[in-house]
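*Asks:* Chain order of the listed sequences is A and B. Position one of the first sequence corresponds to residue 1 (this note's numbering), numbered consecutively onward. Position one of the second sequence corresponds to residue 1 (this note's numbering), numbered consecutively onward.
Treat the hints with caution; some may be incorrect.
All copies of an identical chain are treated as equivalent in the list; a pair is satisfied when it fits inside any one copy or across any two copies.
What the hints assert, rightly or not - Subject to a maximum C-alpha distance of 30 angstroms in a straight line, what follows is the list of computed BS3-like cross-link-like pairs (lysine-lysine):
id, residue 1, residue 2
1, K230, K186
2, K377, K240
3, K227, K322
4, K172, K322
5, K377, K390
6, K125, K27
7, K125, K390
8, K377, K16
9, K322, K240
Everything labelled a hint here was simulated from the structure, so no lab data went into it.
Number of protein chains: 2
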Amino acid sequence: MENFQYYAPTKVVFGKGTENKAGQLVKEQNCRKVLIHYGSGSVKRSGLLDRIFASLDEEGISYISLGGVVPNPRLSLVYEGIDLCRREGVDFILAVGGGSVIDSAKAIGYGVENEGDVWDFYERKRQACGCLPIGVVLTIAAAGSEMSDSSVITNENGWLKRGYNSSYCRPKFAVMNPELTMTLPKYQTASGCVDIMMHTMERYFNHCDNMELTDGISEHLLRTVMKNAKILMDEPQCYKARAEVMWAGSLSHNGLMACGNDGGDWACHQLEHELGGMFDVAHGAGLAAVWGSWARYVCDALPDRFEQFAVNVMGVENGDDKNAVIQKGIEAMENFFRQIEMPTDLGGLNIEVSEDQMKELALKCSHFGKRTIGCVKKLNQEDIYRIYQKAAD
Amino acid sequence: MENFQYYAPTKVVFGKGTENKAGQLVKEQNCRKVLIHYGSGSVKRSGLLDRIFASLDEEGISYISLGGVVPNPRLSLVYEGIDLCRREGVDFILAVGGGSVIDSAKAIGYGVENEGDVWDFYERKRQACGCLPIGVVLTIAAAGSEMSDSSVITNENGWLKRGYNSSYCRPKFAVMNPELTMTLPKYQTASGCVDIMMHTMERYFNHCDNMELTDGISEHLLRTVMKNAKILMDEPQCYKARAEVMWAGSLSHNGLMACGNDGGDWACHQLEHELGGMFDVAHGAGLAAVWGSWARYVCDALPDRFEQFAVNVMGVENGDDKNAVIQKGIEAMENFFRQIEMPTDLGGLNIEVSEDQMKELALKCSHFGKRTIGCVKKLNQEDIYRIYQKAAD
Chain A
1 MENFQYYAPT
11 KVVFGKGTEN
21 KAGQLVKEQN
31 CRKVLIHYGS
41 GSVKRSGLLD
51 RIFASLDEEG
61 ISYISLGGVV
71 PNPRLSLVYE
81 GIDLCRREGV
91 DFILAVGGGS
101 VIDSAKAIGY
111 GVENEGDVWD
121 FYERKRQACG
131 CLPIGVVLTI
141 AAAGSEMSDS
151 SVITNENGWL
161 KRGYNSSYCR
171 PKFAVMNPEL
181 TMTLPKYQTA
191 SGCVDIMMHT
201 MERYFNHCDN
211 MELTDGISEH
221 LLRTVMKNAK
231 ILMDEPQCYK
241 ARAEVMWAGS
251 LSHNGLMACG
261 NDGGDWACHQ
271 LEHELGGMFD
281 VAHGAGLAAV
291 WGSWARYVCD
301 ALPDRFEQFA
311 VNVMGVENGD
321 DKNAVIQKGI
331 EAMENFFRQI
341 EMPTDLGGLN
351 IEVSEDQMKE
361 LALKCSHFGK
371 RTIGCVKKLN
381 QEDIYRIYQK
391 AAD
Chain B
1 MENFQYYAPT
11 KVVFGKGTEN
21 KAGQLVKEQN
31 CRKVLIHYGS
41 GSVKRSGLLD
51 RIFASLDEEG
61 ISYISLGGVV
71 PNPRLSLVYE
81 GIDLCRREGV
91 DFILAVGGGS
101 VIDSAKAIGY
111 GVENEGDVWD
121 FYERKRQACG
131 CLPIGVVLTI
141 AAAGSEMSDS
151 SVITNENGWL
161 KRGYNSSYCR
171 PKFAVMNPEL
181 TMTLPKYQTA
191 SGCVDIMMHT
201 MERYFNHCDN
211 MELTDGISEH
221 LLRTVMKNAK
231 ILMDEPQCYK
241 ARAEVMWAGS
251 LSHNGLMACG
261 NDGGDWACHQ
271 LEHELGGMFD
281 VAHGAGLAAV
291 WGSWARYVCD
301 ALPDRFEQFA
311 VNVMGVENGD
321 DKNAVIQKGI
331 EAMENFFRQI
341 EMPTDLGGLN
351 IEVSEDQMKE
361 LALKCSHFGK
371 RTIGCVKKLN
381 QEDIYRIYQK
391 AAD
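Extracted from the complex, chain A is given alone in its bound form (with noise of 0.2 angstroms):
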């Protein structure tokens, strides 16, 4: 078992009508200017984001908004942020949306707050030494952000997709309604399950000696979003399905489930996001199109674990012969993706990666061929090829 910093501050508020509280919650953080910032149409459409404004309004609170964020995050309207947030004197961000919108408000705050390019952070060349601070009204169940520590920005010039972690982005507040998720299309519900699923599978592949209350409490999740995740595929209206994956998605990727590990592999998420970078797909349908390619490649080298995990989630009947159990669980996870309409290739993503472009994503993700990725087997830039490869065929 590995000691650990356990550190998830975000105040939650959860349930139905819980938007409403949004001005009160941004009142207590006694702020002078708030960004609001949003994403495309749909918050408009909804009529929520009149309702974040009217609930701003009672309280008599000073705003300005930025919308535009897309899937993948632009690192250009961070910048536009930035501008935006000195120019006005703006001193909060309430970020209304899923995981992009989040992640631009992070990435907007690191660089409010930090003299600078605030690309160097996600490059890794240097340290913020602070974040404005950020409230959350969630809309989508998927990356976490709400309480996360971490942030990912996308790079038009040469589209490089790169994470940034540090405490100080950690939200103050998450108002969560489950009922706004409702509208969410099949698809991008499904995707977010997927994504919801890696932040604890992740943490759950490790090489450690685990600890058996985070193990448990992992593999409760998992089950749990899988139920869900197939209710929601016949009722997306279903209050509680949508309730148990929205609270989900925040206990996966707030820390907890890396309590006594060492944190995790993390390389599904680094093979996503230079496919993420390169051809914009949804971030947990390309979770899913590269797992079962990379569970097969590196499950040798951590038996025991796949076995647990084929066992304890997937439900497979244990058996001596281990290798048989251990490709059981792949499959079976595998099964669940498709159940749920979600890709188990590249294939299935609808885009066509060519030869040359799989050596580019390969030479992209070892960071031309000077870092290894994952834990469970460290993977070199040619390991990396071969996981693309045998996710293309």
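Since chain A is already given, all that's left is putting chain B on it; use the hints.
*Replies:* What follows is chain B alone, placed relative to chain A:
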């Protein structure tokens, strides 16, 4: 499923040697002067207190100390602490100990930050408007006070034991080294395990449509504590078991187990508080002594839940006769208590409670007949008396 708030901002620093980070963690709080609050001689004898002093000295932090906290911490020492803090200009309290020390520190913190008698809060006469910031070096896994919003104090004037909850008192950080708990006597270890379990069980038994994510986490936590409590009876030096129990203690009472439910029953805690106030019994042991009598008295009001508990937590085989399953579940829990040498009735506490004393307990517990306790079944003075009587049989 109920709407909920979840707010657990304590930074947890968990693992071997972490007490040496106390100075650094206090330093981050930017305070002028620290009160180091502790209990009896054991933290002195073990050298822990000296290491804490050294860690603060290293950071150049100014501090004073106040020891003498006893189990069921007393209001008189709280008053003394408030005077001392005011006189010395203390603006941060570092509690070195278990739940009693932390609760005493919280009460002192309330007293310093609010005018008037601090006991008013515990009598629910008024609400606190703040609390001095608290840090914790934990030495006993039990109360969960290191992350919780609660504090329980005993007023020697009438031997009233009362709790007060507010977010103001949630500790800023908690240093948790499981090694520090290795020298605890068997009885105190077992009593702590019961206390931990009860913080989850109090929330688990309620009339809501519960969140399955919370249910499964709760059930896993209970199973994990039972397993590791039994290990500790034979191997008190087992680091892994100490760590599982210690982390379970925090998760059990930081709010996680109330997500999506209505906050729970809490009758057993109130039944025990009166016992603790009058007879000074160990809190966990007192809880174990009343739980079975409470469970049998109320289970017919919540049969599905008690059945789920029997099957998912206690491993009772499900069957057609629901009541038989429920009774087996209650018996299995009492058998577990016996396995770790905890009482299952008042006799097991080595106290003799007279008829008159039972009536007095029921009178106080019902706030002189003016209140009911619990939600599984709302228990009035007569119900409370009968449960004590059953527990005395």
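*Asks:* Each hint should be assessed against the structure and marked as holding or not.
*Replies:* So, going through the hints one by one against the coordinates:
1. K230 x K186: The answer is within: 11 angstroms in one copy meets 30 angstroms, while 47 angstroms across copies does not.
2. K377 x K240: between (38 angstroms within a copy, 26 angstroms between copies)
3. K227 x K322: both (26 angstroms within a copy, 26 angstroms between copies)
4. K172 x K322: Result: close neither inside a copy nor across copies, 46 angstroms intra and 46 angstroms inter.
5. K377 x K390: For K377 and K390, the Cα distance is within 30 angstroms only inside one copy (16 angstroms; across copies 59 angstroms).
6. K125 x K27: Result: close only across copies, 28 angstroms inter versus 36 angstroms intra.
7. K125 x K390: Classified as neither; 33 angstroms inside a copy, 68 angstroms across copies.
8. K377 x K16: Answer is between; shortest inter-copy Cα gap is 27 angstroms, intra-copy 44 angstroms.
9. K322 x K240: between (37 angstroms within a copy, 26 angstroms between copies)
Figure legend: structure checked against the earlier numbered hints; hints not met, in rising order: 4, 7.
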